[in-house]
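Let's have the full structure, built from the sequences with the hints guiding it.
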Amino acid sequence: MLHLISLLKGILHSDWFYIFVIVISISFFCFMCVMCIMIFTFRKRNIKKEERWNYFEEKWENPILETLAGSISEEKMLKLVEQGEELYWIDFLVKYAKRLKGSELIIIRSLASPYLDIIKKRADILSDPEYQARALRTLSQLGDEKYLDMLLDGLKSNSPLVVMIASRELALKGHPEHGKEIVNSLENYIHWDHHFLSAMISNMGTSFLETLREKFLSQETSIELKTVIARSLIKLGDQNASASALELLKSETDLRLINSAIYIVENLGTVDDLEIIRPFIEHEQPSVRISALRAISGLSLSDETDLYKMMFSDTEAAVVLALIEILVNNKNSEILKCFASGKTTKSMLAKEALRGMAI
Amino acid sequence: MIDSIIILTFLIFNFMIFGYFLLINLIYFLTSVLSYRTLTKYIRQLRSIDFDELMGRAGAPPISILVPAFNEENTCVESIRSLLELQYSKYQILVINDGSSDKTMDKLIDAYDMVKTFTIPSGDLKTESVRGIYYSSRYDNLWLIDKENGGKADALNTGINYAKYNFFCALDADSVLEKDALIRIVRPFLEDGRTVASGGILRIINGSVMKDGALQEIRMPSNWLARFQILEYLRAFLSARLGWSVLNSSLIISGAFGLFRRNIVLKAGGYCNDTVGEDMELVVRLHRYCRENEIDYRISFVPDPVAWTECPETFSSLAKQRDRWQRGLVDSLSRHRKMLFNPKFGIVGMLGFPFFYFLEMLGPIVELGGYLVFLILVFTGKASFYFALSFFMVAVILGVSISLMSVVMEELTFRRYKRPGDLIRLFLIAVLENVGYRQFNTICRFKGVLTSMARKKSWEKFERKGFVEEIDHE
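Residue numbers (the working numbering), protein chains in the order written: chain A, 63 to 421; chain B, 105 to 578.
Hints are computed from structural coordinates only; laboratory data are not their basis.
Positions of the beta carbon are idealized from the N, C-alpha and C atoms, including for glycine.
A portion of the hints provided could be inaccurate.
[Stated by the list, open to error] Quick list of the computed label-pair ranges, beta carbon to beta carbon:
no.: 1; chain 1: A; residue 1: 95; chain 2: B; residue 2: 217; range: 58 to 66 Å
no.: 2; chain 1: A; residue 1: 91; chain 2: B; residue 2: 466; range: 26 to 34 Å
no.: 3; chain 1: B; residue 1: 542; chain 2: A; residue 2: 95; range: 17 to 25 Å
no.: 4; chain 1: A; residue 1: 403; chain 2: B; residue 2: 228; range: 20 to 28 Å
no.: 5; chain 1: B; residue 1: 230; chain 2: A; residue 2: 337; range: 37 to 45 Å
no.: 6; chain 1: A; residue 1: 114; chain 2: B; residue 2: 185; range: 32 to 40 Å
Next up, the structure:
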């Protein structure tokens, strides 16, 4: 014990220990000073940036409004953009491009055109994906077809951000001839929210539905992408999608895809399609049973009381809840009254639903 | 012999404390560096993606905002008004009155013309019984659930059961969200479909000017205790949480502002009723649930969606708050100690959890013990005064450096405190908090560790003044 005490005391009182403490203190003191300098530098830079923007806004705001109104010529406006101010000018125009449409947007694009090559050159030099993405967005918003190749190159980028921006801009510009490339590129950032991606695809319109259906049935397409496509087909109201979905349901085993396919049929199918849907009501997975129940309830023209009674005895609470919700939405109070007559929790739920319908 | 044992114990303790200081500051430093890197990248990304526009065109996922309220008659109407003005395409506000004994219900019913209705819950979390459900005849996205008192977690679970959408945002009734906060907090869910939860930054509203439920001017509070907390929040959110989130090891999403994927939370069992730290416990459980069920997941922190909240301005309320936080931490970590150094839980189990367990949970014991031992050693003449002083200096320099890093990040990115005087005050706070405030905090946290065994649970809140009365003093 005495040895240990003397060893610990030795360390504590050794020069090395003090040197260690001093080194740490000095290093962090220097670090602290650097932090202080950084804070003041950032503050100074931010103030300067703010002042610069205020100056530009004051300088360009009124003339650009007059240019848009036609009282100042574009040439006169462009004379106000001095050397070294080009990138600020482009940023300034982007803000307008987002808000304007039609002839006013054409004027904004024309005002930007002499300077867009600077952005393109910088994007070629700088490999930073954030800058590339920003450049693509700017060129797409302010540029013309001249920069289309750059967007198409963006689809091949290694950066998911760049690919996403490129495909989104192409989708918004409406280039059905590139639909296949855009849909293929989705695989690069398929981890993005599927609702978001399907909304993006459906923005492209109905001109490449054929491509979407092909991808939906292709063995090479990932399940995630198929789910996205299924949602897009519904959003686009593709009448032929139901046939593709039914085709897929014959062999598919993945739950997400089965649910998506049934959802397509529910939204775009007809009563004749129910023949293929009905067997899924006995599927082992509750989510599939719910999807099938919704599809049948939505499409069927005949009395489904027996089916509803069968589903009411389902062991899964979620299925029973979905059934009650369907019956409430369909205002089917007769069957609900029948379910409410018991004393089970399910019957209590039916009673509650009836009470709600009365209100 | 006894003398030797005492000396040896003291010596070992000295080394332990020294190690603890070095380790905790090293980790704070590393997470700050990680945060800095992430922040700079994030800011550049914001320039390339216009999220407002993206949301507008592509349709953002709808969100249910859950606002549990218990005796919030002073602030509830104002807070809801600010929520009604959020910039987001589709959202539902669900206020859950947890059996308030004041006029919270009456005020909400009157202010928003609430009408009684009926709806079937789609979740199956067990909660206290619901007395009634109301919808606003003025705002079709505003709902009110009146239920028996069961605590905050129970109120949130009721909200989850009745939430209409698959994303829910848990919010305190006294928090004020910035108008674009939902657009920003939903971003990780869009970018990465694996995201199950994301947290935003909480900032302190004391001293700022509010008008019509919205923040009009950001100002430093005049109360020094509130000022200390401003820097403390900056450090906690910008330096620590962001850094841990990069490692997917963030164990806390503040109960005052967080966004969750409802179906996963339902599967994980919702909020735990039996703890005072239900917000942290849920996040730890989500980590555990996803890892145990081999779900590829992410729990994120986004640095720019801001919720403003009132902080305590008296020592007694601050002590009460910190005691509760510490108890929440102890309870959450103890419940899931299975995760500690368990490789099955990946980086959370091997790094994040041990950090919170040993350095955040047991830290106050070591820190307070350290102060006591130093005092004893100095007064009994067993330790050099200069050694104690130099040790204290190192601790202060490390503390100030890490605080200043968070000020750098604030200045680099969001720069909310724009007046030059505010910057000087932040510097002062970074130095002054090390003498007195930090020690006070340690004592409160120490007390929290000791009392955590009592497992007290209730809506323990400091008395809030209400935004208008407090802030419109111009």
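Taking the hints in turn, this is what the structure says about them:
1. 95/A <-> 217/B: 58 to 66 Å: Taking Cβ atoms as reference, residue 95/A and residue 217/B lie about 59 Å apart, which means the hint holds.
2. 91/A <-> 466/B: 26 to 34 Å: 29 Å, holds
3. 542/B <-> 95/A: 17 to 25 Å: 22 Å, holds
4. 403/A <-> 228/B: 20 to 28 Å: At roughly 23 Å between Cβ atoms, residue 228/B and residue 403/A fall inside 20 to 28 Å, so the hint holds.
5. 230/B <-> 337/A: 37 to 45 Å: 41 Å, holds
6. 114/A <-> 185/B: 32 to 40 Å: Given a distance of about 37 Å, which is inside 32 to 40 Å, the answer is holds.
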